[in-house]
Amino acid sequence: MIGLAMDCVLALGIVFLAVQTVRSRSLFQAMLMFIVFGLLMSLSWARLHAPDLALAEAAIGAGITGALLLVTWRRLQAEGHDPVESEQSAPSMWLTLPTAGAASLLVVIIGWVALQLPAVPGTAGELAWQRLEEVGVSNPVTGVLLGFRAYDTLLEMAVLLAAWLGARAVATEFRPGALPGPAHAEVPLVGALLSLVVPISILVAVYLLQAGGSAPGGAFQGGAVLAAGGVLLCLTGRLEAAADTSGLERLGLILGLSVFSLVGLLVMAGGGPMLALPGAWAIYLVETALLVSIALTLVLLFAAAPGLRRAS
Amino acid sequence: MTNEALIGLIFLPLLGACATVLPGRFATYLGILSGLAPLPLLLVAVTLSVAQNGPGFLELGGWAAPLGIRLFVDPLAVLMLWMVAIIGGLAAIHAWCDFPPASPSGQRFWPLWLLLTSAMNALFLSADLFNLYVCLELITLTAIPLIALTGSKTAVRAAMRYLLLALLASLLYLLGVALLYNATGTLDLYLMRDALAAAPPAAVVATLALISLGLLLKGAVFPLHVWLPKAHASAPGPVSAVLSALVVKTAIYLLYRVWLWSVPATVAAEQALTLLAILGAGALLYGGVLALLQQRLKLVIAYSTVAQLGYLLLILPMASSGAWPVAWQGGTYQLLSHGLAKAAMFLAAANILHALGSDRLSDLQRLDQRQPLSLFALAVAGVSIMGLPPSGGFLAKWLLLDAAFRSGQWWLLAVLVAGSLLAAAYVFRILAASLRRDDPTEADPVADTKAIPNVQTACAVLLALLALAAGFAAAPMIEFIGPGAPGAWSRP
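Order-wise, the sequence lines are chains X and R.
Be aware that the first sequence starts at 0, since it is given in numbering that gives the first Met the number 0, and climbs by one per residue.
Be aware that the second sequence starts at 0, since it is given in numbering that gives the first Met the number 0, and climbs by one per residue.
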């Protein structure tokens, strides 16, 4: 009963926040609504017994996306556009009503169709449960991501690399030096806080990576947590934008994709099937490389700079 | 060896992209050369194997479908892979001059280009609907920054519009795939036909509608083409060539795979195919008329892409008729010849834009003296686009006419003729504008034409000649392509 009530509150809250995000005239308010929307989404994944998704949604959907949105807003402000004051003009009713109608129709159709689907026997998911042991990990999500469908994960790393390359290709102008951040970065407590939070973010990231074999976690969640530590260092002025990407950063960006590909190719060269990771050690090796690349890519995207350096 | 060659087609450009990101000139050159140069060689091995042993699967990680992901190679996939190797290769040589690998612009260009090549090869080989989603995303996310690379305001705006619509398309496709998995329990393209026949009809309709809508939007099929003309026209030359010749075709290719390989052949499915063909007819006519109204060369060529994509959908309603093998050969030949001709036109247009500083049709006068070889490439490729003999485009359109005639689809016949006439009109409009010489008083335009590297001219001319040669060398290629989709659709 309490569960049902909670689900109803969640569902209504999600719809309300979605509508508010779109309707809000102030850009800043819309961003906040969107971040809270991500948190509620994360809760609803947890309610649906998908803790891995809940973690990923909280870390990436609400955390990193929220940070990206807010830093963009701050940059807009710094460049003289004041998005809080200049309220956007409302889009015309002729555009909003049909769009809302089409979107609602889509939701109704998908819900209606999904409810009448019979259970199909012998799905790929059932097979994955049955043969999970063969991969060498006990967390089914990690088993799928690095075992049965490792190729998808590999191409997703290429997508992440493409995202950074794309951002770098489009952003031709940038100013090296301090990143726009809060004005109180030099308050003494900030240093004390950082000396606590940054090591913890590293610890949590490594824990999530290690736990991914048997419990919710893995490279993506760990990478997002590690990136949060990096974002904090940028926000408090400990890291600042550099004019170019250093060699080490370049190596870190491609580490995940290239280690993953090379391990897969080596297995094939040894006579095995392409991308069949030989045991848990290979999975942890690949995941560690993925974690480094994911965290570095996210921090560089947040900083919107070619590279980072220690603040002078 | 075939398996290794297939893996190489995807992973060489992928690792090449990684190498170009690394610091140092040597890594960049190594990445580009090792990522692109071996592709034709690998393809020879794959082609020979497919010709001898027929289509084949490769299970990645050793996991059989539906648990794991498979690659699938058949004559259609081989044809598309060759297009990536040849058109992508020549466009890359063209791009080498504009984006020298060691320069800052080259540093931005080449990793994206290599990732795009890898993603297209991966898409043409993948047999898994979710994996195809990842491939589509990778293609979109590499193509869009390549459009915006020049940093001009129009290019960035066009790229942004493309991004937003492409994300919407991805979302629709993904929703369809999620529903499909729940209805069938598999994501494998070639395992789902029987499962779809047993699934509730409402679920099948919703699934296919969502997937098709997403693909039509990505493939810029009329009336969802709004993002294409500006995006293709404002991109750098080699990027426009690859976008029009290959990238939009990835979505059309997937439409073929889904509708002809994976959907049960029912009456309702036939009606859906007719609907798709009507969209194709709309594209052919609307794109043709709009191409005729444009004032800039690259926009004419971009709208011509909207029109020419229509042909690819027109063959669909013939899937159940006896004329299908002919229609299929016509469709695949159109894929090939349009790809070659359109890439040639975009490269030639890029040369002209670079030499003249403008691609407005009114500024093209006396082009035969200022850029004779680029004009030659434009004209020869135009012959193929119009469908005049002896080009590849002629053969494609002739086969399509033949198939429409044999299957008694008279409306198709009318649309095909109208499409070719419109194409002739807009190509001749370009040629007429380039041969004009009506300003004898004005300063000699020949004098202030910039020189173009010979390599760039050669790339455009070579592609145009290949489009022409496709008309001569058709027999072995048509034999290799074969009757197309497996038996379920074709009834004797």
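Think of the hints as simulated: they come from the structure by calculation, not from any bench.
A couple of the hints might just be wrong.
Beta-carbon label-pair distances, calculated as ranges [unchecked claim]:
1) X:H48 x R:L40: 32 to 38 Å
2) R:L420 x X:I13: 52 to 58 Å
3) X:G271 x R:Q294: 35 to 41 Å
4) R:S151 x X:I199: 42 to 48 Å
5) R:Q294 x X:I201: 44 to 50 Å
6) X:M92 x R:L167: 19 to 25 Å
7) X:R308 x R:G23: 45 to 51 Å
8) X:G79 x R:S361: 37 to 43 Å
9) R:G407 x X:A102: 40 to 46 Å
10) R:L163 x X:S311: 38 to 44 Å
Listed next, the stretches of chain R that the computed footprint assigns to chain X, with coverage defined by at least 3 CB atoms under 8 Å from CB atoms of chain X [what the hints assert, rightly or not]:
11) 283-289
12) 301-309
13) 467-474
The C-beta atom is built at its ideal place from N, Cα and C for all residues, glycine as well.
Hint check:
no.: 1; hint: X:H48 x R:L40: 32 to 38 Å; result: violated, 50 Å
no.: 2; hint: R:L420 x X:I13: 52 to 58 Å; result: holds, 54 Å
no.: 3; hint: X:G271 x R:Q294: 35 to 41 Å; result: violated, 59 Å
no.: 4; hint: R:S151 x X:I199: 42 to 48 Å; result: holds, 46 Å
no.: 5; hint: R:Q294 x X:I201: 44 to 50 Å; result: violated, 59 Å
no.: 6; hint: X:M92 x R:L167: 19 to 25 Å; result: holds, 21 Å
no.: 7; hint: X:R308 x R:G23: 45 to 51 Å; result: violated, 20 Å
no.: 8; hint: X:G79 x R:S361: 37 to 43 Å; result: holds, 39 Å
no.: 9; hint: R:G407 x X:A102: 40 to 46 Å; result: holds, 42 Å
no.: 10; hint: R:L163 x X:S311: 38 to 44 Å; result: holds, 40 Å
no.: 11; hint: 283-289; result: violated (count 0)
no.: 12; hint: 301-309; result: violated (count 0)
no.: 13; hint: 467-474; result: violated (count 0)
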